[in-house]
Amino acid sequence: MIKKTLNSPKNYKEMRSIVMIKKRTFSGGYFFKNFTGHPQEKIDNCNIPSKVIIPLKQNFGNEVPSLVKSGDKVKAGQIIGRNDNSFSSPIHSSVSGIVEEVKKINYFKEVISSVFINSEGSQDWQPLKGHNSDWEKLSSEKIEELIYLSGVSKLDNQGIPTRFKSSLISPEEVENLIIHGVGSEIYNLSLPIFLERRRMLNFVEGVKILKKILPKAKLHLAFNKHQQNIIEEISKLLSGLKDIEIYSLEPKYPQGYDEILIPTILNEKFPYGYSAANIGVIILNIQVVLQVYEAVAEGKPLIERTVTLCGSGFKEPVHMKVRIGTPLEFIIQDRTVDNIDLRFIQNSLLTGVVLSDLKLPVNSNFSQIICLPEEKRSQSFAFINPGFKKDSYSNTFLSKFIKVKKILDTNVHGELRPCIFCNYCQEVCPVNLIPHLLFRYVEKEIINQSLMNLKIFNCIGCNLCSYVCPSKIPVAKYIKEGQGKLIDIGYDQTLCILPYFDLKGIEDYRGIKHL
Amino acid sequence: MKKLHLIIGKLYKIKYLTKFKPIFNVVDSIFVGVKDTTDSAPHVVDNLDTKRYMTAVIVALMPATLASIYFFGWKALAIIFVSYAAGGLAEVTFAIIRKKEIHEGFLVTGLIFALVLPPTTPLWVVAVGVIFGTVFGKEMFGGTGRNIFNPALVGRLFITLAFPSIMTTSWLKPFTDAVTSATPLTTFKSMQVVTPFSNLLLGDCTGSMGEIFRLGIIVGGLFLILTKVSNWRIPVSYLGSVFILSWLGNTFLGVKVAPPLFQLFAGGLLFGAMYMATDPVSSPFTKSGKWIFGIGCGIFTFLIRNFSGYVEGVMFSILLMNAFSPLIDHLVIELKYKPVKK
Ligand code: SF4
Ligand code: SF4
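Residue numbers (the working numbering), protein chains in the order written: chain A, 1464 to 1978; chain P, 293 to 634.
Where hints are given, some of them may not hold.
Unchecked claim - Using 30 Å as the maximum straight-line C-alpha spacing, the simulated DSBU-like pairs for lysine-lysine come out as follows:
no. : chain 1 : residue 1 : chain 2 : residue 2
1   : A       : 1784      : A       : 1705
2   : P       : 548       : A       : 1948
3   : P       : 392       : A       : 1496
4   : P       : 579       : A       : 1486
5   : P       : 392       : A       : 1486
6   : A       : 1822      : A       : 1763
7   : A       : 1839      : A       : 1822
8   : P       : 579       : A       : 1839
9   : P       : 391       : A       : 1852
10  : A       : 1948      : P       : 481
11  : A       : 1496      : P       : 630
12  : A       : 1732      : P       : 628
13  : P       : 579       : A       : 1732
14  : P       : 327       : A       : 1868
Source of the hints: derived by calculation from the structure; they are not laboratory data.
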């Protein structure tokens, strides 16, 4: 049936009128364009490592207790951690082998129990019971169960609501589901690769599955406006479905943030400091939808993740399919450029954390491993350099006028200076704050009501203000510091938002924040 | 360059030279550049720094500067030199006293100050003016970024008030040594004669050194706006309001008010609107604040020029509006950000 729609363009025009493509954008933000180190258009498979480390808390949810102990034999795809009574989704072993130990590790500033498994090296995995490639025959209950048992329900910021405690809200409470592949970061996964022919069909099926289990939800699909082919094809494939809208968005950072997607797409205020789920919105990215399909139709549990290795520190930046729990060093191996200092960063150059310990594993939250050269060498006369390969918000570099790949490195490119009120930070701030004013208050230790009035808690931490500042002031860091100090002296950030919203699942949310 | 860095590093250590650290730092940062890397997110930052930012302003001032040297020869060169030397001295002294870095801003202030002077200004007056501007216009407020007024304008206002005869009556026609007291604006005021636009644009008229080659000023101003170094809102609102007001005045009040285009191209208006009103530190930072600031400057310039004893109002209006900038910003923010109830 799907094939037929693909091959019959005769009533194409009519179909297009059913799924309208809307163009949207937001004020502020910045286009990161044309850098070296973009991943190639292919997906490599990473080998099975000899040992994996699986943290028992990944993505959305609380830590789950381990169901295995050292010496146990496990299969790839077997559930090794689960707790149906707390907000969480099951966690699986990603390889077949023997549990070496269960112990706590320091993982992204948290101490998390993790399962160490010595693997046999086989590629096989154990499928979920009850999956069906003809998923339309399955009941909603069964589908929800499959999604929950596959662990896919923990992905992204809010998780996927099922009748289990996999998200803050229940499936009936979801009013809007946003699926996006905007790609507004410096490095993004390549949409054409993720949605090439067969996967495109899987994706569309995945969307339909989600639609079935979230009966009240309106569907919003948002894509990068430069991917017109994909947008058109999807709108063709989805024609006939009700309550669905497709958006073509400018790939302007930070468009892919929940806080920005909601105002752009739904024209609603975001409850800053809370989760999108609290206003009945679930936001998922493309990869998750594909994994939903695989879980329901193929019975594949969440044991794999496609991450992109990008940045000029890699000899050959690529997309890679890796088993969850694979140590970073096993993935990176000798793919990096030799003989220079490198910095590894998780997910985003603007907000990501440094991966200092490469023995740590990949979890389901990874989408990118970025590697940049540490540029400790200085450059003479940089201020009169024509700058063919240098990026800047201002137009003072020639790179703005010619199309060349720009270089990225970690140098700060200038001395710390007092703020010169150039206003760049204010122009790029996606939520219309005045970063330089906020930073000035915090710097002078004026922590009081005026910061609240200036809506300091609306800052979404996109770090764009720090990026553009010519005086090299860590503006966003000051703002974060100010938020912390306000909370310390007893200000309640919810005052900024609660009057406007009727939030769902709020007690649970707070509980989770503090665990 | 590495060697230079090492030498500078050694010089630091010599005991009685440590005081002059800011000077070494400047040399170091110009010739050698920075080695530091970002310490946390964002891991990459923009390539623009304040040096390049100020360099862009200097580049934009180049047409006007070169034209002034072309028109007035060594006199112009000497004024620019003295302005830089004396201004630089004041800046460096303060940096050493305060144990702070030397900021690039003075490169711009020093040049702008020279360009708004009449070519006949005695060199000692230049020095007095620029030092006054730097000290009382900037350092008294706490240095770059804290000054309420544009330092170049403060210096200029000071010498205008202190030495009125030098500053308002002795103008030089380009390429000649003939001193006259007539500028296009005074000529209009006394005789209602409009100087031809080609003369105004190409600089064949009397006026301050840098403000007469107006074609170059327009080009430089556009350069600044296109590179995003200066914000378009102020020049547009400033020039626009002067244009509209003088058009209204000229239509309804008759020849007492100069025609709009002439007003735009005469005197220091273009220079002021493009390079001085746009000074980001002393103008409002909110968007609507910038509009109000520009329009305010326009109104004051129009009033002073046409209805007061003075012929030139650009300097006064910008300084006046500088004084209002904090208030304008404050009001705009009060309106925009509703207080959060406790
Ligand atoms: S970090 Fe906060 S203040 Fe800075 S640009 Fe982003 S949202 Fe605005
Ligand atoms: S970007 Fe930096 S220098 Fe410019 S206004 Fe903001 S804080 Fe000040």
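Comparing the hints with the structure gives:
1. A:1784 / A:1705: 34 Å, violated
2. P:548 / A:1948: 61 Å, violated
3. P:392 / A:1496: It is violated: about 37 Å lies between the C-alpha atoms, which goes past 30 Å.
4. P:579 / A:1486: 26 Å, holds
5. P:392 / A:1486: 50 Å, violated
6. A:1822 / A:1763: Distance of about 27 Å is within 30 Å: holds.
7. A:1839 / A:1822: Roughly 25 Å between the alpha carbons, so the hint for residue 1839 of chain A and residue 1822 of chain A holds.
8. P:579 / A:1839: 38 Å, violated
9. P:391 / A:1852: 36 Å, violated
10. A:1948 / P:481: Roughly 61 Å between the alpha carbons, so the hint for residue 1948 of chain A and residue 481 of chain P is violated.
11. A:1496 / P:630: 36 Å, violated
12. A:1732 / P:628: 17 Å, holds
13. P:579 / A:1732: 23 Å, holds
14. P:327 / A:1868: Distance of about 23 Å is within 30 Å: holds.
This entry does not satisfy hints 1, 2, 3, 5, 8, 9, 10 and 11, going by the numbered hints stated previously.
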